[in-house]
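Participant: Protein sequence lines correspond, in order, to chains A and B. For the first sequence, our numbering gives the first residue as 1, with consecutive numbering after it. For the second sequence, our numbering gives the first residue as 1, with consecutive numbering after it.
The set of hints was computed from the structure by calculation and includes no laboratory data. Just so you know, nobody snuck in bad clues.
Cross-link-like lysine-lysine pairs, in silico, BS3-like; alpha carbons within 30 Å at most:
#1 B:Lys345 x A:Lys45
#2 B:Lys13 x A:Lys228
#3 A:Lys228 x B:Lys264
#4 B:Lys329 x B:Lys355
#5 B:Lys276 x A:Lys45
#6 B:Lys345 x A:Lys65
#7 B:Lys355 x B:Lys422
#8 B:Lys393 x B:Lys5
#9 B:Lys316 x B:Lys331
#10 B:Lys198 x B:Lys316
#11 B:Lys152 x A:Lys228
#12 A:Lys67 x B:Lys392
#13 A:Lys232 x B:Lys152
#14 B:Lys277 x A:Lys45
#15 A:Lys58 x B:Lys124
#16 B:Lys5 x A:Lys232
#17 B:Lys264 x A:Lys232
#18 B:Lys393 x A:Lys65
#19 B:Lys124 x A:Lys45
#20 A:Lys67 x B:Lys393
#21 B:Lys124 x A:Lys65
#22 B:Lys422 x B:Lys152
#23 B:Lys327 x B:Lys419
#24 A:Lys45 x B:Lys264
Okay, here's what each chain looks like letter by letter:
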Amino acid sequence: MESWLEWARGPAFIFAFSFMVIGLVRHVLLTVSQMVRTMRRAGDKNLNYGSLIVSTLKWLFPVTKMKDQLLFSLTSLVFHVAVILVPVFLAGHIALWERSLGLSWPALPNATADLLTIIAVISAVALVVERAFARASRSLSRFQDYALPLLVALPFASGFLAMHPAMNPFPYEATMLFHVMSANILFILVPLTKLSHMAMIPGVQFVSEVAWHWPPDAGSRLAVTLGKENEKI
Amino acid sequence: MSTSKYSYYVEEKALEVEDRPRKFLEAFATVLEHGSYGLAMDVYTRLSTKCSRCAAACQLYQTTQEDRDIPCRRSELLFTVYRRYFTRAGIARARIFGGFTLTDEYIDEMAEEFYRCTACRRCKLTCPMGVDHGLVTHLARWLLAEVEAIPKALLVSVREQLEGESGNTSAIPVVALRDTCEFLEEEFEEEYGVTGIKFPIDVEDSEFVFFPAVSDYLLEPDTLMGNAAVMHVTGGSWTIGTNNFDGINYGLFYSDRMMERIVKNEVEELRRLKGKKILVGECGHATRSAWFVDTFCGEEAPEVVNCLQYAHQQWKAGKIPIDESKKIKEKVTYHDPCNIARAGKITEEPRELLKAICEDFVEMTPNRTENYCCGGGGGTVSIDEIRDFRTKKMGKRKADQIRATGAELVVSPCANCKKQLKEVCEDNGLESVQVVGLHDLLLKVIDFEAAGVEKFESSGDDDDWQPPAEN
Numbered sequence: 001m002e003s004w005l006e007w008a009r010g011p012a013f014i015f016a017f018s019f020m021v022i023g024l025v026r027h028v029l030l031t032v033s034q035m036v037r038t039m040r041r042a043g044d045k046n047l048n049y050g051s052l053i054v055s056t057l058k059w060l061f062p063v064t065k066m067k068d069q070l071l072f073s074l075t076s077l078v079f080h081v082a083v084i085l086v087p088v089f090l091a092g093h094i095a096l097w098e099r100s101l102g103l104s105w106p107a108l109p110n111a112t113a114d115l116l117t118i119i120a121v122i123s124a125v126a127l128v129v130e131r132a133f134a135r136a137s138r139s140l141s142r143f144q145d146y147a148l149p150l151l152v153a154l155p156f157a158s159g160f161l162a163m164h165p166a167m168n169p170f171p172y173e174a175t176m177l178f179h180v181m182s183a184n185i186l187f188i189l190v191p192l193t194k195l196s197h198m199a200m201i202p203g204v205q206f207v208s209e210v211a212w213h214w215p216p217d218a219g220s221r222l223a224v225t226l227g228k229e230n231e232k233i
Numbered sequence: 001m002s003t004s005k006y007s008y009y010v011e012e013k014a015l016e017v018e019d020r021p022r023k024f025l026e027a028f029a030t031v032l033e034h035g036s037y038g039l040a041m042d043v044y045t046r047l048s049t050k051c052s053r054c055a056a057a058c059q060l061y062q063t064t065q066e067d068r069d070i071p072c073r074r075s076e077l078l079f080t081v082y083r084r085y086f087t088r089a090g091i092a093r094a095r096i097f098g099g100f101t102l103t104d105e106y107i108d109e110m111a112e113e114f115y116r117c118t119a120c121r122r123c124k125l126t127c128p129m130g131v132d133h134g135l136v137t138h139l140a141r142w143l144l145a146e147v148e149a150i151p152k153a154l155l156v157s158v159r160e161q162l163e164g165e166s167g168n169t170s171a172i173p174v175v176a177l178r179d180t181c182e183f184l185e186e187e188f189e190e191e192y193g194v195t196g197i198k199f200p201i202d203v204e205d206s207e208f209v210f211f212p213a214v215s216d217y218l219l220e221p222d223t224l225m226g227n228a229a230v231m232h233v234t235g236g237s238w239t240i241g242t243n244n245f246d247g248i249n250y251g252l253f254y255s256d257r258m259m260e261r262i263v264k265n266e267v268e269e270l271r272r273l274k275g276k277k278i279l280v281g282e283c284g285h286a287t288r289s290a291w292f293v294d295t296f297c298g299e300e301a302p303e304v305v306n307c308l309q310y311a312h313q314q315w316k317a318g319k320i321p322i323d324e325s326k327k328i329k330e331k332v333t334y335h336d337p338c339n340i341a342r343a344g345k346i347t348e349e350p351r352e353l354l355k356a357i358c359e360d361f362v363e364m365t366p367n368r369t370e371n372y373c374c375g376g377g378g379g380t381v382s383i384d385e386i387r388d389f390r391t392k393k394m395g396k397r398k399a400d401q402i403r404a405t406g407a408e409l410v411v412s413p414c415a416n417c418k419k420q421l422k423e424v425c426e427d428n429g430l431e432s433v434q435v436v437g438l439h440d441l442l443l444k445v446i447d448f449e450a451a452g453v454e455k456f457e458s459s460g461d462d463d464d465w466q467p468p469a470e471n
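Put together the whole structure using the sequences plus the hints.
Facilitator: So this is what it looks like as structure tokens:
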């Protein structure tokens, strides 16, 4: 068991985490370069940066976006706050970074981290339940839409158990192995699924605006390519 | 010839297209290569989270509660095609596991569904991933048009505009245009007792060349007279071109290819008349499509001004005197046309004008960028055979909104919105509500005397002439 844990925390983690980072960087670079290319080809080169930045910020801190579906939106907001803060600012995680790379930053108090972890797990389950019970979202949902939030909850739940041996019915090392491996699997999935929004979200408002900026002659080029330039309407 | 394969009529030739899936995909591949949609499709198909917030924002879903009317579900129809045929993962998955294949039936489903969306883009405001479902509808309709799945009503209008003798969507010949303009000039004398207000035709070197929705010449004389009155009292230099006097651009609703040709034709007429700016009449989509002039004409593009912007600017400068005694007494509300309001481009100008000329102005809620579509957007207003759908499903939310204001007059500076709103009111028990343009009201309240407009002296045989009734 111990050697498995060593492997999960060592090479497996390094691979999974690098896979995520490289995958996300690749997405961002490809998207940005496609945006630049689109704008370079566009007839209208004006973008209203001011309003795009404002709407991007409003979505990054979506306090003004709660009103339409209050319960769902609040659950989602709470979930996001928890899953962003805990992994990054947990004292135990920071200690690992410090030991391996010598990097360190301020940590959350353990009690706060505990509370946020519980919130993360509950809100992840709540998101799935709300998705299944609201008719519109149920009709839209694919398998991954249910699976991903639950998968995200796993490292949080197991991490919490590992930190609180008194409440943990499972052996410590097995819990830790589960914790690390579920996180590793998640890291691999991030660039391959909609979870990649964690890196792309600051750009999506720009993407939707840039998409309306067309080359001056896209229509006539299409006509030529399809042999329709002399076709009657 | 036409047929009712869908809930709207299409031409016979739409049924004769062979090998539609292949042609659809060829068009898709070509659009991705030459256009700017690849970026959005890439990001949307990857990130779309299926959260259903858009359903709550959509006026159609609010009314029908049908799954098919959830914006994200509709867009997914096109996303599925994109994923399968234009992403490496999709192609690989199809090789190994089979699965989705584009079929004739699937194209028919898209043809039906993408015309149940008015592309009003309200749902875009609520999408955390920034997915613009209006853009997806816009693209899907273009691809469908390349396999001839186009509502006949839109197709015949564009055919007349681009290939017909009249060169405009209402098939108005130039003689009829001249007659109408002369008639309206006489109306100023008979109805308002003023003379000298002109509809200048083919005047070279004017600052503005005027492109209203051409249907205004048939249906909205008061709007046009309002336009002419504003231009006259402000000393604006403007003209109507006889080669092209139609601002309507249905290309925006089904084909970028047509849109490009129609916008370029407007610019050509402007150049012929050596005009400087395009002045668009009261029409939302005509304005938005004219704004694309920068796209199609690059740095050479002329400036585009909507008549509301012009009137507002001149009124602020004190050039449009208002007769306080003639201010509108009825309760008035304002409907924001999506094409000028959604992106926040024109929302305050009409309100400031209305507050200045109406004694009792009320807002409907929500409004401005968050307004509800009239229900006839995206060209659907021209499709008469779907009137029931437009007014009772798509337009029901709007009817509720108007009812809640208790207004007697609904002002909407858009030819399409006006036609649709009149039908919405008729079909939803709001017969007493009147739908008018903003310039219709301006026309009633302008103080022609203070503006120094010459009084019309009756030649004597017009003994039955009465001064205009006060409101």
